[in-house]
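Asker: Use the sequences and the hints to build the structure in full.
Here the protein sequences come in this chain order: A and B.
For the first sequence, my numbering assigns the number 2 to the initial residue and increments by one for each residue that follows.
For the second sequence, my numbering assigns the number 4 to the initial residue and increments by one for each residue that follows.
In short, the hints are calculated from the structure, not lab data.
Be a bit skeptical, because a hint or two may be false.
[To be verified] List of simulated lysine-lysine pairs, DSBU-like, C-alpha gap at most 30 Å:
1. B:Lys117 with B:Lys56
2. A:Lys333 with A:Lys408
3. B:Lys22 with A:Lys184
4. A:Lys216 with B:Lys117
5. A:Lys216 with B:Lys24
6. B:Lys45 with B:Lys95
7. B:Lys51 with A:Lys184
8. B:Lys139 with A:Lys184
9. B:Lys24 with B:Lys139
10. B:Lys51 with B:Lys139
11. B:Lys64 with B:Lys104
12. B:Lys14 with A:Lys216
13. B:Lys51 with B:Lys64
14. A:Lys184 with A:Lys283
15. B:Lys64 with A:Lys216
16. B:Lys104 with A:Lys184
17. B:Lys45 with A:Lys184
18. B:Lys117 with B:Lys95
19. B:Lys117 with B:Lys104
20. A:Lys335 with A:Lys324
21. B:Lys24 with A:Lys184
22. A:Lys408 with B:Lys45
23. B:Lys64 with B:Lys139
24. B:Lys22 with B:Lys51
25. A:Lys333 with A:Lys216
26. A:Lys408 with A:Lys335
27. A:Lys184 with B:Lys14
28. B:Lys64 with B:Lys45
29. B:Lys22 with A:Lys216
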Amino acid sequence: MLIFLPPRLWLLESQLFSSEWTTASVPQSRKEREEDFLFFLAKESAAFLLVPLEVPTMEDGVRPLRVPPQMSIYADQHNVIHLVQTMVSGLAVDQPEDPIAYLLLLLQESSVHVPRVVLLGPPAVGKTTLARKLCADLGAVHVTMETLLDDQSQLGERARRCALGRQEVPDDLLVDLIQERLKRADCFNTGWVLDGLPQTRLQARNLQQGGVIPKHVVLLDAGEDVLLERRRGRRLDTLTGDAYRETSARPRDDAAEGRASDLQRHRCEVTGMSAAYRHVLKTVDGDQPPTDVYQQVVAFLRTRRCSRTPRVLLLGPPGSGKKHQAKMLSDKYKMVDVCCCDLLRWAEADPSWIGEEVRTYLQHNRPVPNGVTLNVLQERLNRADCSQRGWILHHLPCDLQHAKHLKRSLNAPNRVFFLELTDAVCLHRTAAKRTPTDPGVDAATVRECDDNARTVAHALGVYRTHTAGLQGVFPDGVHVDADQDPRYVFEALDRQLTVQTHTH
Amino acid sequence: MDVKITTEREKEAAAYLEKHKIFDLMRNLTSMLFFYRPDDPKEFLIEKLEQLKQARDQGQKAPSLLSHSNLDAAFGIVDPANERYVTFAQYKQALISLGMKDINECPDGVNDDKITYDTFITEGMLSLEKCSATYKQP
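Answerer: So this is what it looks like as structure tokens:
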């Protein structure tokens with residue numbers, strides 16, 4: 002074929018988006034779908050990243066085009082998908098008259114990393130303290146109910162009148178007020194932190210429709226007794242003039258009731274709001290010292306949802322649960338589960354050139370040389386299903402040659418996990434797997450078990466010798482303690498898979 | 004009541020994207036990005052957007068991934084025997100595969116079902132310009 006080929010390429014990245022969103026419950030009911038305006042935007046921006054176009058052939062026939070892996074590597078490296086998504090969602094929400102100028106502004110100001118945070122939580126959990134510190138450090142604008150009421154605009158006037166009349170500020174007025182405040186230049190450029198707003202799920206939905214979409218939502222939570230204690234303490238600190246509140250019985254009851262009703266209102270609304278913001282929500286325990294809370298929130302803010310084809314490598318000693326974890330992860334994200342032990346079997350059955358090679362060796366009962374196994378691995382990972390859906394690889398043969406070859410190839414993994422386990426636990430687990438449950442165990446089986454124990458010990462030794470080397474080949478591999486319940490290990494892996502920390 | 008508002012909002016957004024040809028714009032930009040794979044994607048996109056802006060305001064040529072040589076090569080694929088003629092079906096299929104829309108259904112020579120090389124190139128360039136002009140037509 003000719004080399005002219007830059008046809009109009011459309012990537013099959015729509016799978017990326019679907020794997021991102023399958024973690025949340027796919028909106029089934031109309032109501033849920035309405036609330037996920039952002040979901041709609043993500044779908045729309047994914048809609049144009051469709052199936053590759055066809056290439057004309059001499060027989061007037063058409064053949065589907067495969068996306069070269071360099072493109073997907075480039076996309077991952079520069080986070081292109083996120084950039085494009087930001088551009089399209091910005092356009093769809095703001096709908097400027099001149100989209101080209103708007104995009105130029107967006108790209109030039111590199112306002113892709115501007116903080117947009119919502120802090121939720123019951124009264125007296127420490128939102129305002131946290132918000133003030135965040136704004137001081139990030140340079141964002143602190144927006145609360147009080148600052149909105151102080152706002153010198155028409156909407157602010159109306160809100161003040163409501164507050165003076167001891168009425169609740171109506172929902173639509175509040176939403177308009179927030180929207181207007183956040184669209185102003187200082188918030189748009191330097192970011193904002195919404196403290197204690199929105200208060201209900203309805204407000205959250207209306208805000209989303211109005212284009213106020215936070216990138217991170219932090220829910221601070223603490224037990225009721227802690228909150229009441231803090232509230233009482235706060236009253237003592239601030240209401241120095243109102244000494245009578247402490248002595249007279251009735252006002253205290255009212256105040257206590259007021260606290261309880263605020264808390265109750267929050268408890269009613271919190272499940273709804275958590276569901277509305279479930280894609281970007283993180284719950285932090287408010288009962289810790291403020292510095293700890295701050296550290297956790299800042300670490301969360303540095304993470305970004307990234308959409309990329311997952312290419313995961315699981316390394317670990319025998320018995321660390323690689324197969325089990327790989328199965329759970331591939332079920333969740335619809336990746337392809339590639340086990341190196343089964344590779345030869347797959348190659349044998351494969352009709353292409355690689356299958357031919359492997360079959361010739363196996364037919365003559367010769368061991369398959371290393372070079373051929375490397376080729377088999379690459380070929381498997383290059384297949385359409387792996388390059389489109391992503392893969393999770395485990396049971397890599399324990400030598401550095403395979404690891405280095407993988408890293409240098411186009412199929413380099415973008416997440417590497419080292420499952421940590423002590424030798425004793427490894428041996429225990431592998432023995433437990435093999436021990437027959439039948440109490441009538443005879444000598445032959447016992448001998449077999451001993452042999453197997455020896456092979457496992459040997460494999461373990463090999464793994465340990467190569468660990469340092471493997472860590473050198475994959476320096477940004479993440480170490481996960483595999484000596485826990487499989488569910489915890491799974492959660493730890495899952496968390497690492499979907500976040501990407503960025504230092505700038 | 005809420006149901007209607009949401010659908011309207013989504014419809015508005017979809018209508019806006021349609022009117023300003025945002026999807027075509029994004030398609031062009033991402034194709035160029037993935038073909039050239041520059042080290043700084045933002046700078047590259049800024050450059051292309053500036054060119055597009057000038058094309059819109061001053062009638063210059065808009066940036067596009069394909070050029071005359073690509074059309075030439077496409078013709079070569081569908082005409083390997085070098086007869087310098089292709090059928091209408093081949094002409095249409097070739098242009099569709101290159102991603103063109105709004106193809107002229109009645110180019111010169113359609114009656115004899117013999118589209119010449121020159122007609123192919125001319126029609127192709129016209130369609131290409133239309134595809135690259137991804138802004139609202141005044």
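Asker: Now, for every hint given, state plainly whether the structure supports it.
Answerer: Here is what the structure says about each hint:
1. Distance hint between B:Lys117 and B:Lys56 is unfulfilled; the C-alpha atoms sit about 38 Å from each other, more than 30 Å.
2. For the given pair, A:Lys333 sits about 25 Å from A:Lys408 by alpha-carbon distance, which is consistent with the 30 Å threshold.
3. A C-alpha spacing of about 24 Å is found between B:Lys22 and A:Lys184, which places the hinted pair at or below 30 Å, so the restraint holds.
4. The suggested pairing of A:Lys216 with B:Lys117 is violated, with an alpha-carbon distance near 57 Å, which exceeds 30 Å.
5. Our distance criterion of 30 Å between C-alpha atoms is met by A:Lys216 and B:Lys24, whose separation comes to about 27 Å.
6. Taking the CA atoms of B:Lys45 and B:Lys95, the gap is about 35 Å. The hint is violated against a cut of 30 Å.
7. The suggested pairing of B:Lys51 with A:Lys184 holds, with an alpha-carbon distance near 28 Å, which does not exceed 30 Å.
8. Between B:Lys139 and A:Lys184 the alpha-carbon distance is near 25 Å, which keeps this suggested pair within the 30 Å criterion.
9. Distance check on the hinted pair: B:Lys24 and B:Lys139 sit about 7 Å apart at the alpha-carbon level, within 30 Å; holds.
10. Using a Cα cut-off of 30 Å, the hinted pair B:Lys51 and B:Lys139 holds, with the two alpha carbons roughly 17 Å apart.
11. Straight-line distance between C-alpha atoms of B:Lys64 and B:Lys104 comes to about 18 Å, which keeps the hinted pair within the 30 Å bound.
12. Between the alpha carbons of B:Lys14 and A:Lys216 the distance comes to roughly 24 Å, so the proposed pair stays at or under 30 Å and holds.
13. Restraint check: the Cα-Cα separation between B:Lys51 and B:Lys64 comes to about 12 Å, which is no more than 30 Å; the hinted pair holds.
14. Using a Cα cut-off of 30 Å, the hinted pair A:Lys184 and A:Lys283 holds, with the two alpha carbons roughly 25 Å apart.
15. For the proposed pair B:Lys64 and A:Lys216, the alpha carbon gap of about 38 Å is over 30 Å, so the pair is violated.
16. Under the criterion of a C-alpha separation no larger than 30 Å, the hint pairing B:Lys104 with A:Lys184 is inconsistent with the structure, at around 38 Å.
17. Proposed proximity of B:Lys45 and A:Lys184 is supported: the alpha carbons are some 24 Å apart, at most 30 Å.
18. Simply put, B:Lys117 and B:Lys95 have alpha-carbon atoms about 12 Å apart, close enough for the 30 Å limit, and the pair holds.
19. The suggested pairing of B:Lys117 with B:Lys104 holds, with an alpha-carbon distance near 21 Å, which does not exceed 30 Å.
20. Our distance criterion of 30 Å between C-alpha atoms is met by A:Lys335 and A:Lys324, whose separation comes to about 15 Å.
21. With a C-alpha separation of about 25 Å, the suggested pairing of B:Lys24 with A:Lys184 holds against the 30 Å cut-off.
22. Our distance criterion of 30 Å between C-alpha atoms is met by A:Lys408 and B:Lys45, whose separation comes to about 27 Å.
23. Under the criterion of a C-alpha separation no larger than 30 Å, the hint pairing B:Lys64 with B:Lys139 is consistent with the structure, at around 16 Å.
24. Straight-line distance between C-alpha atoms of B:Lys22 and B:Lys51 comes to about 20 Å, which keeps the hinted pair within the 30 Å bound.
25. Taking the CA atoms of A:Lys333 and A:Lys216, the gap is near 24 Å; set against the 30 Å cutoff, the hint holds.
26. Distance restraint check for A:Lys408 and A:Lys335: the Cα-Cα separation of roughly 23 Å lies within the 30 Å cut-off, and the hinted pair is therefore satisfied.
27. In summary, the hint linking A:Lys184 to B:Lys14 is supported, as the alpha carbons are separated by about 22 Å, within the 30 Å threshold.
28. Taken as a hint, the B:Lys64 and B:Lys45 pair is honoured in the structure, with Cα atoms around 22 Å apart against an allowance of 30 Å.
29. For the hint pairing B:Lys22 with A:Lys216, the CA-to-CA distance comes to about 28 Å; that is within 30 Å, so the pair holds.
The structure shown violates the earlier hints numbered 1, 4, 6, 15 and 16.
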